[in-house]
Amino acid sequence: MSNSSYILDSYDLVRSLTLGALNSTSEEVADIIPAGLNNNIRWNLGHILVTQDFFMYGPSCPHLPANYLALFAAGTNPANWEGDVPSLATLAAQLEEQKARIKETFGDRFDEKLPQPFQLGKKGTMNTFGELFAFSLFHEGMHMNAFATLNKTISAAK
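Residue numbers (the UniProt record's numbering): 1 to 158.
In silico lysine-lysine, DSSO-like type, Cα no more than 30 Å apart, as pairs:
1. K103 / K113
2. K123 / K99
3. K113 / K123
In short, the hints are calculated from the structure, not lab data.
Kindly produce the complete structure, drawing on both the sequences and the hints.
Right, here's the structure in full:
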């Protein structure tokens with residue numbers, strides 16, 4: 001077993017940045033889809049949540065509400081949302097809970113082989129929970145960049 005404290009420390013940092021950005025956003029701003037773009041801030045936050053659960057627990061995302069895949073999975077779009085959409089406060093609480101749950105479930109299992117390798121298209125293969133988890137942090141950073149871009153675009157339009 002390797003020392004995984006560095007990746008868990010990185011997780012704490014990345015997730016605190018995500019939650020800090022979320023907590024400085026209003027419900028109104030979170031739902032604006034600027035012209036020429038497909039998604040909004042709320043979608044990016046929900047997508048981070050859903051994708052990390054998908055990676056770590058499998059495609060059923062057993063710890064999340066059943067409608068979250070229809071709202072936030074890859075290829076979804078807020079223009080097509082139906083039914084209840086979670087508030088920012090709900091997403092913040094779920095992102096916090098997810099962090100605690102993943103740390104408890106996988107904190108000492110990052111060297112463990114996945115039940116089957118995770119293929120990222122033709123770009124690469126991940127074989128361990130640690131590899132998949134590290135990629136999920138990269139993914140979260142990509143969507144936080146989208147969050148920042150959306151914020152800048154929305155602010156410039158005011």
